[in-house]
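Numbering (mature numbering (1 follows the signal peptide of the UniProt record, and there is no 0)), first residue to last: -18 to -1, 1 to 105.
One or more hints might be untrue.
In the EDC-like style, the derived pairs of lysine to aspartate or glutamate whose C-alpha atoms are separated by at most 16 Å in a straight line are [unchecked claim]:
1) K60 to E103
2) K60 to E21
3) K60 to D50
Note that these hints are calculated values from the structure, not bench results.
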Amino acid sequence: MTAHAAAARQTLSAIALAVTCALTTTGCFYDAPQPQWAELVNERTTSVTLTFDGPAAQPQEIAAREGDVVRYEGEPIKEEERCVDVGATVTDTATGQVLGTVDPPICPETLIYVREDGTVEVR
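Full structure from sequences and hints, please.
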């Protein structure tokens, strides 16, 4: 191998190492983008209903083992509108049993989990 070829190979190796290091370390600092709209995830084997407090209450049913965008007055709670300053109640659709409540505000980054055992967790 000539000196020129060895130098070129060493340079390419150094570049490959730098790229690999950059990709590896930036992966550690990657911050996932915030959700664009509020969402409810139903992990139960039966459907649940989300109803906002107040006069604008329009029940929204979420089927078993599914998720959906949370809607207020028929529109998704999305990033452009920011937060809705009302709470909501999660009930078992079939029985009407209250599973939990969601305190205001409900924002685009709000994630409501209804666990299989019926507990409601808000993130």
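Hint by hint, here is what the structure shows:
{"no.": "1", "hint": "K60 to E103", "result": "violated (20 Å)"}
{"no.": "2", "hint": "K60 to E21", "result": "holds (10 Å)"}
{"no.": "3", "hint": "K60 to D50", "result": "holds (13 Å)"}
Checked against the numbered hints given earlier, this structure breaks only hint 1.
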